[in-house]
Amino acid sequence: MMAIATIDRPGLQTTIQDAGRRGARHLGVPQSGAADRVCLAFANAAVGNRWDAPALECTMTGPALSFEMDIGFALSGADMGALLNDEPVGRYQTISARPGDRLALGAAQAGARAYIAFAGGMAGFAFFDSVSTYMPAGLGGLEGRALRTGDTIGSRKATMMAPVDIPDTLRPHFGHDWILRATEGPDTESFNPKTVRHFFSAPFKAGRRGDRMGLRLIGAEMISEDARAMKSSAVFPGTVQCPPDGAPILLGPDAQTVGGYRRIAQVIDADLPLIGQIRPGDRIWFRRIKAQTARQTTLQRQILIASFVSDFSLR
Amino acid sequence: MNAPTIKPFGECGFIAQIEGFSSDVDSGLFANAVARALRSNDGVDDAVAGIDSVAMRFDPAHLGVDDAREMLLDATNNTPRNTARAKSKTIDIPICYGGEYGPDFDALCTQLKITADALIKLHSTAPYRVITLGFAPGFVYLGELPEDLTAPRLKTPRLRVEAGSVGIAGHYTGVYSLPSPGGWRIIGRTPLALFDGRETHPFIFEPGDEVRFNAITPEAFGAIRRAQK
Numbered sequence: 001m002m003a004i005a006t007i008d009r010p011g012l013q014t015t016i017q018d019a020g021r022r023g024a025r026h027l028g029v030p031q032s033g034a035a036d037r038v039c040l041a042f043a044n045a046a047v048g049n050r051w052d053a054p055a056l057e058c059t060m061t062g063p064a065l066s067f068e069m070d071i072g073f074a075l076s077g078a079d080m081g082a083l084l085n086d087e088p089v090g091r092y093q094t095i096s097a098r099p100g101d102r103l104a105l106g107a108a109q110a111g112a113r114a115y116i117a118f119a120g121g122m123a124g125f126a127f128f129d130s131v132s133t134y135m136p137a138g139l140g141g142l143e144g145r146a147l148r149t150g151d152t153i154g155s156r157k158a159t160m161m162a163p164v165d166i167p168d169t170l171r172p173h174f175g176h177d178w179i180l181r182a183t184e185g186p187d188t189e190s191f192n193p194k195t196v197r198h199f200f201s202a203p204f205k206a207g208r209r210g211d212r213m214g215l216r217l218i219g220a221e222m223i224s225e226d227a228r229a230m231k232s233s234a235v236f237p238g239t240v241q242c243p244p245d246g247a248p249i250l251l252g253p254d255a256q257t258v259g260g261y262r263r264i265a266q267v268i269d270a271d272l273p274l275i276g277q278i279r280p281g282d283r284i285w286f287r288r289i290k291a292q293t294a295r296q297t298t299l300q301r302q303i304l305i306a307s308f309v310s311d312f313s314l315r
Numbered sequence: 316m317n318a319p320t321i322k323p324f325g326e327c328g329f330i331a332q333i334e335g336f337s338s339d340v341d342s343g344l345f346a347n348a349v350a351r352a353l354r355s356n357d358g359v360d361d362a363v364a365g366i367d368s369v370a371m372r373f374d375p376a377h378l379g380v381d382d383a384r385e386m387l388l389d390a391t392n393n394t395p396r397n398t399a400r401a402k403s404k405t406i407d408i409p410i411c412y413g414g415e416y417g418p419d420f421d422a423l424c425t426q427l428k429i430t431a432d433a434l435i436k437l438h439s440t441a442p443y444r445v446i447t448l449g450f451a452p453g454f455v456y457l458g459e460l461p462e463d464l465t466a467p468r469l470k471t472p473r474l475r476v477e478a479g480s481v482g483i484a485g486h487y488t489g490v491y492s493l494p495s496p497g498g499w500r501i502i503g504r505t506p507l508a509l510f511d512g513r514e515t516h517p518f519i520f521e522p523g524d525e526v527r528f529n530a531i532t533p534e535a536f537g538a539i540r541r542a543q544k
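Same order as they appear, the protein sequences are chains A and B.
Counting from 1, one number per residue, gives the positions in the first sequence under the working numbering.
Counting from 316, one number per residue, gives the positions in the second sequence under the working numbering.
Be a bit skeptical, because a hint or two may be false.
[Claimed, not checked] Restraint-style ranges between C-beta atoms, simulated for each label pair: (1) SER310(A) / PRO467(B): 27 to 37 angstroms; (2) ARG209(A) / LEU427(B): 31 to 41 angstroms; (3) LEU427(B) / MET2(A): 33 to 43 angstroms; (4) GLY23(A) / ALA542(B): 27 to 37 angstroms.
Please keep in mind that the hints were generated in silico from the structure rather than gathered at the bench.
All C-beta atoms in this analysis are idealised placements derived from N, C-alpha and C, irrespective of residue type, glycine included.
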């Protein structure tokens, strides 16, 4: 394994992520993978990787690292004011680094996650065909954990393609207000219609304690009219579940596979990548749409992105 | 005949609610049999059993919406409802109760007003069935717990429960195959490695397995640990 770089400062939570692991939820294994898979795809495509190659996911504040080899890299997602040898560098383009070069990311002002893709991809512990890091159980990535000072990240040397120029119009720009389109959940009927209308019209604030498993939503209380205990039943990334205290939880890529709280909504696949960019304190609105409209919306978004990034999938 | 209630779950998913079973073991194992049947079909991305439900997500590029719904309905209607009677294998789990391995053991004895020996005897006498895997990787729900041992979850879940921990919540007992956050009352831990990431079947438990707990001393815990290294 060739060393790409050594970590000088790990950032708040920097992990190796790819598109995640599929089809293992029946074993309790979450999907994981990039919290913003569109930005993962853009960073990879910009450096000539397959869209789903493993890359670094940086959270809120990015890392500083020293390169150990000649290699191209590309940045995407939240602007963390990246500097290469103290000079500002752009995102969504291949940048060449030489041994000894120092890349430093700072804090994002808007959006929560940035991606750093390296030409050829990254090495990591594979489990169910994915090297995505799932920290709670220590699976994937580098020893299943976030990077630490002194860690070495390794290259994978996968097949390369021509780097893709990501057009300006496709590059996301993040603010502090988010609209997430969602279909009704399997338990929406167990809530008072007034509560449901409120859910789909009033803003929520993202709570302080958010992680890749889920975000707490602060706002009007969402309490089901059905007080009976619910038996454990499936949840997915994008499920909004309502614990008895009334503060909903919006589940992220590391969502557990089953839960015991009523599910009021399911964010559509096209908008799942946005969840990965929500910061504590940001405002969130849920817009109710029908399942058929959701399928069309997701399909159109996927076709658009795949016309630049081969084989890209939102699922 | 209990026709299942089928509802949409997201833009490419359905969930079947299962009714008419007398126990969680029976309904959970039925749900797992339905989910297993679904997973063998093309276009099914995930089929996840709950205690009394089966959720399915499909790939719309390979499966039409109506076909997907029909597939879930058929699997639910055509799966034999007595699957719980077919036992797969028996797994003996050595467990060290209390002390550092069971941080909630003493409090549970106090709460249930029983002695340590009585709790151990109650928990380790009955054989359990693996009802389902879920929540965390390789976490198993075992049922059903003797009536005298039922206890609610902790009010505040732990941020980390160690691999091998055995807990109690409601009328289930459960085993954490890997470290996880969790709210079950932890009464002991097994020294057995329950996970092997290099294997196709990384966890030792499967739905339907019979599980028996055998109480061991901390010394035996250490010895088994060392022998596995």
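Taking the CB of ARG209(A) and the CB of LEU427(B), does the distance hold inside 31 to 41 angstroms?
At roughly 32 angstroms between Cβ atoms, LEU427(B) and ARG209(A) fall inside 31 to 41 angstroms, so the hint holds.
Please check whether GLY23(A) and ALA542(B) have a Cβ separation lying inside 27 to 37 angstroms.
Because 34 angstroms falls inside the window, the suggested range holds.
Between LEU427(B) and MET2(A), is the Cβ distance one that fits in 33 to 43 angstroms?
58 angstroms, violated
Quick check on a hinted range of 27 to 37 angstroms for SER310(A) and PRO467(B), using CB atoms only.
51 angstroms, violated
Hints 1 and 3 from the earlier list are contradicted by this structure; the remaining hints agree with it.
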